[in-house]
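Participant: Next come the chains, spelled out residue by residue.
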Amino acid sequence: MMQLDAEKQMRRRKRKNTIFHILFLSSTLFGIVALALLLIQILVDGLGWLNWDFLTNNASRKAEKSGIKAAIFGTLWMMSITAPLSFIIGVSTAIYLEEYAKNNWFNRFIQTNIANLAGVPSIVYGLLGLTIFVRVFGFGKSVLAGSLTMTLLILPIIIVASQEAIKAIPGSQRNASFALGANRWQTILRVVLPSALPGILTGSILSFSRAVGETAPLIVVGAVAYITTLPNSVFDKFTVMPIQIYTWANLPQEEFHNVASAGIIVLLLMLLTMNAVAIFLRNKYQKKN
Amino acid sequence: MSIVQIKDLDLYYGDFHALRNVSMNINEKSITAFIGPSGCGKSTLLRTLNRMNDMIDSVKISGAVSINDTNIYNPTVNVELLRKEIGMVFQQPNPFPKSIFENVAYGPKIHGIRNKKQLDEIVETSLRGAALWDEVKDDLKKSAYGLSGGQQQRLCIARALAINPKILLMDEPTSALDPISTLKIEELIQELKGDYTIIIVTHNMQQAARVSDQTAFFLNGEVIEFSDTSKLFSNPNEKKTEDYITGRFG
Amino acid sequence: MSIVQIKDLDLYYGDFHALRNVSMNINEKSITAFIGPSGCGKSTLLRTLNRMNDMIDSVKISGAVSINDTNIYNPTVNVELLRKEIGMVFQQPNPFPKSIFENVAYGPKIHGIRNKKQLDEIVETSLRGAALWDEVKDDLKKSAYGLSGGQQQRLCIARALAINPKILLMDEPTSALDPISTLKIEELIQELKGDYTIIIVTHNMQQAARVSDQTAFFLNGEVIEFSDTSKLFSNPNEKKTEDYITGRFG
Amino acid sequence: GTESEEQPANQGSNEGNELSGEINIDGSSTVFPVSQAVAEEFMAIHDDVMVTVNLSGSSNGFKALIAGEIQIADASRQIKDKEVDALKAEGQEAVEMPVAFDGITVVINPENDWATEMTVDELKKIWEVGSTVENWSDVNPEWPNEPIKLYGPGTASGTFEYFTGAINGTKNESREDYTPSEDDNVLVTGVSGDKYAMGYFGFSYYVENQDKLNAVSIKVDESAAAVAPTVETIKDGTYKPLSRPIYIYPVKSALEKKEIQEFLKYYMSEEGQALAEEVGYVALPAEMYAENLSLLP
Amino acid sequence: MARMKQSKNAKELNSFMQKKKGIYSWDRMMPIILATIAGISVLTTIGIVVILITESAGFFQAVSITEFLFGTQWTPLFADPKFGVLPLIMGTFMITLVASIVALPIGFGSAIYLSEYAPRKVRNFIKPILEILAGIPTIVYGFFALTFITPIIKMVIPQTDLFNALSAGIVVGIMIIPMISSLSEDAMNAVPSSLRNAAYAMGSTKLEVALKVVVPASFSGIIASFVLGLSRAIGETMIVTLAAGALPNMDFDFLKSIQTMTAYIVTTSQGDTAYGSVEYRTIYAVGITLFVITLIMNILAGYISRKFREEYE
Ligand SMILES: Nc1ncnc2c1ncn2[C@@H]1O[C@H](COP(=O)(O)OP(=O)(O)OP(=O)(O)O)[C@@H](O)[C@H]1O
Ligand SMILES: Nc1ncnc2c1ncn2[C@@H]1O[C@H](COP(=O)(O)OP(=O)(O)OP(=O)(O)O)[C@@H](O)[C@H]1O
Ligand SMILES: [Mg+2]
Ligand SMILES: [Mg+2]
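Chains as they are written, first to last, in the working numbering: chain A, 1 to 289; chain B, 290 to 539; chain C, 540 to 789; chain D, 790 to 1086; chain E, 1087 to 1399.
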């Protein structure tokens, strides 16, 4: 009797598990299918336009002469400042909040404030960057002003992700380190950070991807849509890939929409490379129990 | 000669009174065992000796703990150097997610030893001391998480030995070890006594009887009895102690 | 009458041969102890009995493990029901980050018991069984993480008892407990023997001798000797066994 | 831009009149294609001059002009008093130069065979504030009794401002329940996908999508002839009242600079006019360019 | 530096009474340095608030706060302007609602799949793929909504507008899935495996382990990922601008065109209105509203995650 009951109930639980397994798997597949659809659409439109000339030409009013060189270099220049800067500031802030900050109103305020910054629309960062970096600091409409604006924009995501990663490190690890006479900073540097790195990298990659793909705030802080020279220093003018893509997509001519797709392919390749580096790092540091 | 002096120590976790008016002097280069039922405060007292309780926000302490006549709760005390003088092994094995070598070398590195050869030496000595060397000597680069529970705990002991402390606090260091390793560790403890002061929390009364010179029996945060081990086990002053050691307790 | 039959069992972690050709029959409603040095495969074998090794990707198994003459590695076996029949207590206390009550009620709940009164009853019985009731009865809503190490382990035992298993696997269940609680658990184990089959891994040879009916001695993944406990400890067949139990080992 | 001021150093050697320097343009995205095309060809001739063009909108273009960050603002509308005042406050003045016509085109679905010609009054009846037109038949009883789907540019755009002014009589006065989008390509998609849809946007978007859309020929009044938007009708002014000029606004102080003068001359030259037509706009009558050039010192 | 020998033999004086060399050790400096760096985010907020307030001050001189907050019509750029922000808030709310309905369950579901069900190898392969989704420029998503999702919706419900909240909301949801699933998965992954083992040993199915043990233990991380995702949904601009139209209204009809606060800000700031006019200043007034709304949402989320958090150390 009991046995039968138990088996019936077990079958129900198993069925439920199977159903949810399928649901969870479908959720994952949903994202992948969406990605596939997007990619196919982009590849069909853009692949034909993707060639060496496209990579080495500058923008042009003629679709067949258009290229993305200035934008690639602009994005690289921008990310070479934004990525390290936001990483350093973001991880430092996360460490401060998780390892040093006492649970008082001020630190709770910082915490709420950071979560809130993550929700401020990007265009508002554009207005901020324009006022502070372009005008008050006098950096002009330069790589530097754009990079700093982007840094502020993606900072909250890096901070929140890093905090979660740091929180996940068991206290017994810290205790072991303290008991060996390590001070807090040594413990953070040698025990906490190495273990938290995979999580931190995930958050960073997500936010770098965002920085690479953002348009609106950069238009406001003055990345230009059309430029034919590459930056020589951080004080030079620049353009970035999404602005170039956005400009093409807005033109009336059909060919330019395909050129835009080609631009997106290049952008995605750049993201892919970035992700690959991060995944490599993540797997290297992810030593699971 | 006493090296640790505890005087009128009270400790609270928030409202919970975990240590009640504890006073005792611990002799240098001797082995002292803390025994008592689960939850009686043995680990808590042990942690006051290297100020690991600093980490817990809710802890409030009154009274004095002196090492060599210096109150370690004195604000000018350098806690890190204090902890270097006082090694600790925890109840639960807690290796770092690093290689075996890096686990043992962690302490010496923290304290400024960079020389590779010197580190190699320390790692080997410490692992031998913890009776682990033979099992891992070919695999020092392997992650510590690949070791079995017992091996992990021995690694933690090796790690504590590596900073060459003056006092060694051990919180049930052998509770996850097999008898062979336990025996080795016990022997090691005896050997170390020549240079170090050792305080060991244990549930194993035989172990306390075997290794320690003095034993303190705790109950509900109080020291019920603290005397020479032989005396405490053969002829306790207190009825409660007798009940406990004869298993007639509770 | 044997309830568990292990036949020609080999287990690999990747390339590492962790169990070598293990065969043994375990009697119903008896207590069997696994002893042996650290890393010899005791925990590994224990985990094959409720297929917890399924969780580890690198594990490869050959041979058969039968419970009541059914090979539990048969693909049609319902692993969840198998595990409900086989309770397990781990080497390291691993309570859920929930209240004490919720920890114990977890098992009954997932197995379909919703009735509040019935749950209350199970929780109380199980906590009493694990000698924890008196300490926590007023605090059942408190987080399990507020308990001391020993209390946590006893909670885990209570949690295992709550699903009312037929076989109980215990991986050094008392290594984090004080003697009083250990004694209680040992008594409990003796009591449970009337209804349950118990397999216990222990480092404490006295414990094995005290509680078990049969004892298996492991070395490097092999069963060196498996016989009645009294026989094994008084008159072992194998030289290695003798060396180990007399501490003349290694 | 002060940072690349040193660049002239490597010129000077052979020819004194070889140009160098930096010209920064920002403003309306409508004007952007023209300025970009002109910049591209101008730089092909004068490779020491760096021209950058941005498209942050007419307002932001003037804002940047006021802040002194650019020398030329692109605008799809005339400068406003507020902006003139703000420039004045900085001791500056902007010079208005119309550079091309954009013929705002009213478009319908190719399957729509009834409304290929419309009077301004009919358009007004549809688009005016408080319009009660729901179905095509509300405009003309002979037309189908099907709901009109209206598409148009967002209210922040210069096209909206001009269209409402020209058709409804008051700038920015329009019925509110049409479907606006800031992206003209999106409007194209809208109208081309719905038989009963109607919309309006810039001429170039019509030219590029003639296969998907038809343009409505406009009659100024009942008796006038219907005029379809073509390069000719826009240029000679017969396409009324929806062809509007687009502008560039160089700041007066910058006109002193040789490279800016040359750039503007090129902009107004026949090559420049051809470029404007190439990207979908219509060149102005020649005298208007001459007038622009007369403003140069 | 012959190991710590001297300190033991040489003097009985306790070595731990010696001060470290110089009080300016890293350990002392770092909290100060880090706190200073942490201050950057505070400065950012101050900067944003100051800019929004000073720029919108002119607006609130011309338009009363009551009209702004409670008006139900938003037509600031028409000849007869109305400045009621509610339609924009409604639009934002609708998009966020649809996006959450799409992204929260799917992101959460795929996080569970990746962390609890998928073999390690599959997880290591799929996770980065999902993360690429996060990097596709949003303009691509916008056209995807318009040319792929909208036609599908129209096929099912023919009276759907070309621009509609549903399509844009779905695609915003798709865009934030990777953020939610990836960050939630990290949080779940951090739950010690000993807890899973305990649950499995009691005969739990994978589902029970996932929902009753892993999820509660990683609750705060999951909530954090939800909040980040939703913030992104609220702040998203391009998709909404392209696919949801630009028609502020209070109809709460998902098949109709709407306008969100962000879309309004972007289109107006990049439009042709006169710089410095009241119309232009609306973007700051809307900006500050958006800021306050996200602030309230975050305070709520913080409260929820504190309340339900389970510690596992
Ligand atoms: N961080 C803490 N916060 C609150 N209470 C605590 C904390 N740590 C320990 N306690 C409580 O203090 C008491 C003493 O704990 P302690 O860990 O010192 O016991 P113990 O004697 O070491 O026990 P065991 O043998 O089980 O390890 C216990 O009742 C425990 O619940
Ligand atoms: N997941 C794993 N992957 C690889 N090797 C493992 C794994 N788990 C255990 N081992 C190895 O298998 C051997 C047997 O381990 P097991 O945990 O069964 O030992 P044990 O007898 O229980 O030891 P202890 O008394 O220390 O717990 C050890 O050498 C161990 O390093
Ligand atoms: Mg303890
Ligand atoms: Mg084991």
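Hints are not guaranteed to be accurate.
DMTMM-like, lysine to aspartate or glutamate: derived pairs with alpha carbons at most 20 Å apart [stated by the list, open to error]:
#1 C:681 <-> B:346
#2 A:69 <-> D:829
#3 B:431 <-> C:596
#4 E:1240 <-> C:593
#5 E:1168 <-> D:962
#6 E:1292 <-> C:725
#7 A:102 <-> B:428
#8 A:62 <-> D:935
#9 D:871 <-> E:1141
#10 A:69 <-> D:837
#11 E:1240 <-> D:935
#12 C:680 <-> B:304
#13 A:65 <-> D:829
#14 C:705 <-> C:678
#15 A:284 <-> B:460
#16 A:65 <-> D:935
#17 A:14 <-> C:674
Hints listed in this document are in silico derivations from the structure and should not be mistaken for laboratory results. Since this is a predicted model, take the numbers as computed values, not measurements.
Participant: To test your reading of the hints: which numbers does this structure violate?
Facilitator: Hints 4, 6, 7, 8, 14, 15, 16 and 17 are the ones this structure does not satisfy, whereas the remaining hints hold.
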